[in-house]
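Colleague: Residue 594 in my numbering is what sits at position 594 of the first sequence, and the numbering runs on without skipping anything.
I should point out that these hints are in silico values taken from the structure, not numbers from a laboratory.
For every residue, glycine included, the Cβ atom is placed at its ideal position computed from N, Cα and C.
Be aware that a few hints might be false.
[Claimed, not checked] Simulated restraints, written as ranges between beta carbons of each label pair:
1. Ala-306 <-> Gly-562: 34 to 42 angstroms
2. Gly-470 <-> Gly-562: 51 to 59 angstroms
3. Gly-77 <-> Ala-795: 35 to 43 angstroms
4. Pro-739 <-> Lys-35: 28 to 36 angstroms
5. Asn-323 <-> Asp-558: 54 to 62 angstroms
[What the hints assert, rightly or not] When the alpha-carbon atoms are kept at most 20 angstroms apart in a straight line, the in silico DMTMM-like pairs for lysine to aspartate or glutamate are as follows:
6. Lys-792 <-> Glu-864
7. Lys-792 <-> Glu-862
8. Lys-321 <-> Glu-331
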Amino acid sequence: MLLCVVGASAPIRISGLLTDQPELSPGPLIEPMPKYDPALIEPKWQAWWAEHDTFRSPRLPAGRKAYILDMFPYPSGDGLHVGHPEGYTATDIVSRFERMRGTSVIHPMGFDAFGLPAEEHAIRTGTPPRESTERNIATFRRQLQMLGFSYDWSREIATTDPSYVRWTQWIFLVLYDTWFDREQQRGRPIAELPIPDVVKDAGEAAVAAYRDSRRLAYQSEAPVNWCPALGTVLANEEVIGGVSERGGHPVVRLPLRQWMLRITSYADRLEQELDSLDWPDSIKKLQRDWIGRSTGAEVDFFLPAAGATEAAVAEAYGQWKQNRAAGGYPEEPPGDVLRIYTTRPDTLYGVTCMVIAPEHPLRVRLTTADSAAAVEAYCEAASHKSDLDRTDLAHEKTGVFTGSHCIHPLTGQPVPIWVADYVLASYGTGAIMSVPAHDDRDYEFANTFGLEIITVVEPLVGESTALFSGRGRAVASGPYTGLTTEEFIPQVGADLEAAGLGRPAVNYKLRDWLFSRQRFWGEPFPILHELDDAGEPTGVIRPLEPADLPVPLPELTDFRPGQTPDPPLSRAGDDWLFVERDGKRYRRETNTMPQWAGSCWYYLRFLDPTNDERFIDPAIEQAWMPVDLYVGGGRLVNQGMILGEMEFTGYRAATGGWVSAGEQGAADAAMKIAPDQVEKQGEHFVLRDAPQVRVESRAYKMSKSRGNVVNPDQIVREFGADALRLYEMFMGPLEATKPWSTAGVGGVRTFLDRCWRLVVDENEDSLTLAAQVTDAEPTDEQQRAFHRMLAKVTADIESLSFNTAIAKMMEFVNFATPQQQRPRKMLGGFVTVLAAFAPHLAEELWSLLGFAAPVSLAAWPEVEACWLYDQTVEIPVQIQGKLRARVVVPADADAATIEAAAAAEPKIAALLAGKQVIKVIAVPGRMVNFVVKG
RNA sequence: GCCGGAGUGGCGGAAUGGCAGACGCGACGGAUUCAAAAUCCGUUGCCCGCAAGGGCGUGUGGGUUCAAGUCCCACCUCCGGCACCA
1 MLLCVVGASA PIRISGLLTD QPELSPGPLI EPMPKYDPAL IEPKWQAWWA
51 EHDTFRSPRL PAGRKAYILD MFPYPSGDGL HVGHPEGYTA TDIVSRFERM
101 RGTSVIHPMG FDAFGLPAEE HAIRTGTPPR ESTERNIATF RRQLQMLGFS
151 YDWSREIATT DPSYVRWTQW IFLVLYDTWF DREQQRGRPI AELPIPDVVK
201 DAGEAAVAAY RDSRRLAYQS EAPVNWCPAL GTVLANEEVI GGVSERGGHP
251 VVRLPLRQWM LRITSYADRL EQELDSLDWP DSIKKLQRDW IGRSTGAEVD
301 FFLPAAGATE AAVAEAYGQW KQNRAAGGYP EEPPGDVLRI YTTRPDTLYG
351 VTCMVIAPEH PLRVRLTTAD SAAAVEAYCE AASHKSDLDR TDLAHEKTGV
401 FTGSHCIHPL TGQPVPIWVA DYVLASYGTG AIMSVPAHDD RDYEFANTFG
451 LEIITVVEPL VGESTALFSG RGRAVASGPY TGLTTEEFIP QVGADLEAAG
501 LGRPAVNYKL RDWLFSRQRF WGEPFPILHE LDDAGEPTGV IRPLEPADLP
551 VPLPELTDFR PGQTPDPPLS RAGDDWLFVE RDGKRYRRET NTMPQWAGSC
601 WYYLRFLDPT NDERFIDPAI EQAWMPVDLY VGGGRLVNQG MILGEMEFTG
651 YRAATGGWVS AGEQGAADAA MKIAPDQVEK QGEHFVLRDA PQVRVESRAY
701 KMSKSRGNVV NPDQIVREFG ADALRLYEMF MGPLEATKPW STAGVGGVRT
751 FLDRCWRLVV DENEDSLTLA AQVTDAEPTD EQQRAFHRML AKVTADIESL
801 SFNTAIAKMM EFVNFATPQQ QRPRKMLGGF VTVLAAFAPH LAEELWSLLG
851 FAAPVSLAAW PEVEACWLYD QTVEIPVQIQ GKLRARVVVP ADADAATIEA
901 AAAAEPKIAA LLAGKQVIKV IAVPGRMVNF VVKG
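Please put together the full structure from these sequences, using the hints given.
Modeller: Structure below.
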């Protein structure tokens, strides 16, 4: 330390800015800088931290550990907006705080870099997505570093890195090679799938097909939103009112071969595991609703041959029932039945029509010649509606009669079959029995089309109404009449099962995940399609070997979509597209994976980002997981948790498992948010209902309402990074939606200026410690002020209440500013606390005070409890609960003492005179209340 | 429609059932200055009052309690999520 002491109590001149260690010198001497100038000190300390690897985390934690994870940002071309640094600053404060308390902290950052915007940019400009993505990442990295976040940058990853893509593709291979064992409730290698004898007997192709039907990753024909004019497939959100959001072009729903993930296999297990998770009930409920488990029954309705006479129908129906009674209920619905799912099999006698989804496979067959034109027109129109349109708008019921009937399995009566888009093809069996008297939607439908309404349930109490969807007692229900709903459902379920006409069933709102996109900028699938001699696909699929990974993206010059929904990769050169293996010719899969394929496991790769052997070393994972703090989106938690879970299960299955069964509960919850402080905040905080959405929309509102984007670069230039960080934390609790106010940044900047002046004399020409900075011991008053501040800030960081922590630091500065003696020891302690929030300024002040850098790794001060309590306290005195006076009493005075002191207070004595005191409540150390009469 | 969450000064927001409005912004006053900026020190919920003092105040209406922003009931408003899942 190059200090030149001019006089005992004279200002201390500092000719070097830092310390006496030459290797720590920040480089060229900076001109005298008596004013707080973040533009100088912030880059200086960022460079220092980088040079000294200040925030590098160990490979394995030593002692207490904290995995502090941020939202995985998509590096958009616009760079960071002011919404981003909020969560990032919060986690950075905790990271710095924990580090200073000696915790092993891992706090990484990376980029979720696949995605649509880069591709659209490529289409517009011809720039390859990789180029623009790398440029955008560079901007993001620069901006994040500019804000002084204490990331371990040596762990930076991007989902687009070939070394990362490799493992994303590898995970897919594991999923492809895994089936879900319902009995054991876990994934197992496909080779262990028991093959039924009937399948075995049918030959190798049948066995392969059977396996394919059980794999966690499988192909299916799923409807997508195809916009011919834009030449692209659109997400549901991009389709509004049947036309594309951009351009207003018509959109059709058409089935395309897609890759799916069989998450529904996990529905029960996920729901059960929710019980064991230590999450707020509201979040659990959200999750539970999302899984949407419902129980009920499947029932088959007999479909007579078209045009058969009444007698022939009766005959065939009788035969069918006999066969069913003998052969039981078939796994898959045969062609002669319409299978429906209902949660209320007790309303079977109230069925007045059947309704199938427009996409129902039997639709064409069930449509009679007379009705064909109307049904076709209806379904054509429905295909132009996205799922969103069908559900979003006013639920006006539409539909059309197919012209045919089925036979009621209990009454033998014919029931008309309609097509209506309020029935979703993707749920249950895609067909329902309509019971207008006891279902809102069916009631509306029946009213719209003048269908019969038959009441078969009456409320247990009160009057019967035209529409009653509650539970009650059965009427007009044949042998079941008189049963309550609770008795009826199991009874009829058992009867239907015995008769082979139906069975109890469970359904989920949760759907299997669509895992493929017809896009360029995503991970290619490590899958080959076998071709025959004519070059046509044989339908045989061959996964690549792990050694073949990563499959790179081909070089394309034209990223534009084509006239058909063929993915851009199908236009790749032959050298990429066609592959030979074992003398057979293959064509690569040309779909790509969705953005979340890479982003759902980023938190694992951070722990072991350069591992070439595995996607993560199990020992490392076991040591660092679970994530201790995550401030980000609930939606991300949803999908992250569940996909993470699914991949984990697949992973364990594939590798023989390294997580013992007993530990699964804890390890499975990949995004589990563990530390106590989060629980204290409960749902208000980290586990907000859908914080990601809220954060995004907040940023949107901020920028929209102000008419321009608030750019962090500009704020940092004007006020400094420390001021921006502090502002984001100070304006309110973390979970609240806060409007951006540039004036508020000025307020916290003033606070930082005041911190600066506690240490530096601004009136001198050169950088000079303030004359008040001394080596004296702090006074008792100073000790009290400091330790109270310290205790509050420490507790507030633990509960993530940064706004009140900052308020307390401001109070401390307000206290310290007029102090004529400001002991170096006290200032050092304050700067240590400040370092978690405004690290650049803190480092600078720390050095100026003569301590060895970095304060970022200095020990967090211990709270000395003896300074937290006064000898005396001032307590309120109330009469009838109204504040009338205050008295000063010893802090440890008992109830009788303070009561006496209160009664003796002149004003109280005057008010009590002539009144009868009925009761006195005296709480030691808190208050006294007199209850009087008269 | 269903499920959450929230309503406190001009504004952002504090407040284990025990002094409502910490802290900051804004506003006002003072010191400093030739003057201003900056800085420092004050005042600042509303109403009545020269003052001492008093009254009213946490979306609305009830309730529990010696005591309610905080707990209970009903309602209003806003925000968020889910939403034709049979």
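Colleague: Does each hint hold? Answer for all of them.
Modeller: Okay, the hints, checked on the actual structure:
Checked against the hint of 34 to 42 angstroms, the C-beta distance between Ala-306 and Gly-562 comes to roughly 41 angstroms, which is consistent with it. Checked against the given bound of 51 to 59 angstroms, the beta carbons of Gly-470 and Gly-562, roughly 54 angstroms apart, stay inside it. At roughly 42 angstroms, the beta carbons of Gly-77 and Ala-795 sit within the given window of 35 to 43 angstroms. Separation of Pro-739 from Lys-35 is about 30 angstroms and conforms to the stated range, judged on CB atoms against 28 to 36 angstroms.
Taking the beta carbon of each, Asn-323 and Asp-558 are about 58 angstroms apart, inside 54 to 62 angstroms as hinted. Proximity of Lys-792 to Glu-864 is assessed by CA-CA distance (about 12 angstroms); at most 20 angstroms being required, the pair is judged to hold. About 12 angstroms separates the Cα atoms of Lys-792 and Glu-862, which keeps this hinted pair within 20 angstroms; it holds. A distance of roughly 16 angstroms separates the Cα atoms of Lys-321 and Glu-331; the hinted pair therefore holds under the 20 angstroms criterion.
No hint from the list above goes unmet by this structure.
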